[in-house]
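So the protein lines, in turn, are chains A and B. Residue numbers are given in numbering that gives the first Met the number 0: position 230 of the first sequence equals residue 229, and the series is strictly consecutive. Residue numbers are given in numbering that gives the first Met the number 0: position 187 of the second sequence equals residue 186, and the series is strictly consecutive.
These are computed hints drawn from the structure, not numbers from a lab. Careful, some of the hints might be misleading.
[Stated by the list, open to error] Straight-line Cα separation of at most 30 Å, DSSO-like style, residue types lysine-lysine; simulated pairs:
no., chain 1, residue 1, chain 2, residue 2
1, B, K30, A, K78
2, A, K186, A, K199
3, A, K106, B, K30
4, B, K55, A, K134
5, A, K199, A, K188
6, A, K188, A, K106
7, A, K78, A, K203
8, A, K188, A, K127
9, A, K127, A, K106
[As the list claims (entries may be wrong)] Computed beta-carbon distance windows for the label pairs:
no., chain 1, residue 1, chain 2, residue 2, range
10, B, A20, A, G140, 32 to 38 Å
11, A, T166, B, Y50, 36 to 42 Å
12, A, E213, B, V240, 41 to 47 Å
13, A, Q155, B, A228, 31 to 37 Å
14, B, V240, A, E68, 32 to 38 Å
15, B, Q43, A, G243, 52 to 58 Å
16, B, L62, A, D53, 48 to 54 Å
17, A, E68, B, A20, 20 to 26 Å
18, B, R1, A, F10, 29 to 35 Å
19, A, G243, B, Y50, 58 to 64 Å
20, A, F10, B, Q43, 35 to 41 Å
21, A, P128, B, R13, 53 to 59 Å
22, A, E115, B, V14, 55 to 61 Å
23, B, F46, A, R56, 40 to 46 Å
[Stated by the list, open to error] Which residues of chain A face chain B? A few of them, derived with a C-beta cut under 7 Å, are:
no., residue
24, L49
25, F83
26, A87
27, F89
28, G101
29, L105
Remember, it's a predicted structure, so these values are computed and weren't measured experimentally. Note that CB positions come from ideal geometry on N, CA and C, so glycine has one too.
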Amino acid sequence: MIRLEGVHKAFGPNRVLRGLDLEIQEGETLTIIGGSGTGKSVTLKIMVGLLTPDQGRVFVDNEEITGMEEDALALVQRKFGFLFQGGALFDSLTVAENVLFGVRNLKPEELGRSDEIVERCLGLVGLKPEVAALKPAELSGGMKKRVGLARAIAHQPEYILYDEPTTGLDPIMSDVINDLIVNIREKLKITSIAVTHDMKSAYKISNRIAMIYEGRLAAVGTPSEIQRSENPVVHQFITGSSQGPIQMPVRSYT
Amino acid sequence: MRPVRVVFQIYTRRVLDLAEAVGSVTVLVRKTLYWIFSARLDAQNVFGQMYEVGVKSFPVTSLTALFTGMVLALQTGFSFLRVFNEPLYVGRVVGLSLLKELGPVLTGVVVAGRVGAAIAAEIGTMKVTEQVDALYTLGTNPVRYLVVPRFLACLVMVPLLTIYADVIGVLGGYFVAHFRLNVPSTIYWDEIRAIQLEDAFHGLIKSVAYALIIVITSCFQGLRTSGGAEGVGRATTTAVVISMVSILVSDYFLSAILVSLGIG
Ligand SMILES: Nc1ncnc2c1ncn2[C@@H]1O[C@H](COP(=O)(O)OP(=O)(O)OP(=O)(O)O)[C@@H](O)[C@H]1O
Ligand SMILES: [Mg+2]
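Just need the whole structure built from these sequences, with the hints factored in.
What follows is the structure, encoded as structure tokens:
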């Protein structure tokens with residue numbers, strides 16, 4: 000269980016989160032949606048303690064992580080697998096070393112079957128075993144994303160945070176990744192939080208969807224509740240219309 | 000009244016920034032020492048960095064030291080030749096200058112340019128591409144994984160490189176003294192042999208201090224990088240400039256302290 004209570008976060012004058020409350024229950028997949036730059040990635044980083052909120056409290060398994068000492072926080076961070084928006088692969092290491100990085104630090108007893116782990120995790124994200132020997136610089140954008148995903152799940156964390164798992168993938172591969180996320184939840188009972196702009200994927204993978212707007216929670220509910228939502232902000236977002244209460248600061252082309 | 004206040008504010012800001020940086024550096028050093036002593040060292044990583052810092056700096060250190068030794072011999076020789084009609088003390092001047100000053104300082108400056116820049120750029124890139132964040136979520140600490148190996152590598156390799164530079168420089172001085180100034184070999188080497196152990200030690204202590212300056216500055220600048228590729232460039236330049244200036248400035252004070260302690 001992860002709980003955010005009244006979280007505020009600003010970067011200089013840019014007040015990104017302004018009192019966000021959110022609770023993620025055991026075993027569910029919650030998807031966070033919201034416009035670009037509304038603080039979805041920031042929210043994920045706050046959940047793992049990579050960013051500290053200016054105000055408010057964050058709980059992981061009923062333990063407050065805000066203001067925790069580094070050592071104690073490191074123990075909490077072990078519970079998480081994190082797929083970063085940009086992949087964040089270690090570019091001095093090969094794909095195989097990247098995938099095994101968490102296993103090496105957190106589950107060293109499993110290193111005996113390291114080849115097996117690499118092959119299995121790459122297979123789960125639709126990558127061939129040959130990729131294992133390559134360096135991240137030799138991969139395409141979508142491949143990097145999938146290696147990042149393989150790395151996030153390799154050490155079998157209790158929570159997985161996916162920051163835009165299907166961005167940059169073709170439609171078929173996106174659906175493969177959606178199936179993988181669903182399978183991870185159903186088979187391994189892992190609690191997941193995903194950030195996505197892809198509504199098709201959001202409906203498919205989520206138990207609940209939460210929308211962030213102007214630094215707060217605008218709505219939260221099951222996919223069908225969100226689809227039927229009367230809230231104009233939510234309605235505009237999920238139908239992807241440029242007309243509505245959310246106004247993008249753009250000039251029209253004349 | 001107004002301009003005075005503005006200047007005052009700028010200065011208080013600078014002083015506060017500096018104080019904050021000093022505080023953060025202290026925290027970084029404390030964490031580094033903590034991880035060196037409290038966790039098993041990743042030997043492979045440490046040796047890898049030693050190779051990067053030490054072995055790969057051999058060519059540039061060799062060239063720098065060789066020509067420094069040669070020019071020292073040349074200048075000393077001709078200066079004494081003009082005054083005394085004889086190239087006196089070439090070995091002594093070359094040896095002492097190299098061991099006490101130029102060996103450690105030039106090696107420090109070369110390593111600051113080569114290794115300090117590389118460290119700041121690599122860690123800075125990792126910072127802005129979220130690889131440093133990824134380390135936390137994959138069960139390790141950036142100070143442990145990134146700083147400790149570089150710290151140990153510099154601490155060991157910079158003094159070794161300095162000794163190596165001293166040897167190459169003295170050899171370079173010998174070539175010029177013997178073949179250009181016709182100083183007899185025995186005289187040159189006798190003067191080198193007459194150098195006290197304390198003088199060599201003087202230089203070695205300095206090189207340890209320079210290693211610390213380089214590695215701490217560049218790791219610190221790397222870890223505090225923000226703002227994409229431009230930020231990485233800024234961190235790299237800052238790391239190199241601060242390391243080089245600190246080496247040259249601290250050189251005076253270290254020399255004064257060491258001399259007053261009777262070391263060299
Ligand atoms: N390290 C940082 N320093 C300064 N500002 C930041 C930092 N990280 C995020 N921001 C700012 O916070 C805001 C939210 O960023 P965030 O990355 O969370 O957006 P997002 O909702 O994930 O957007 P997207 O869908 O485009 O990924 C942005 O305006 C961004 O400029
Ligand atoms: Mg984002």
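Q.
Hint by hint, where does the structure go against what was stated? Just the numbers, ascending.
A. Of the numbered hints, all hold.
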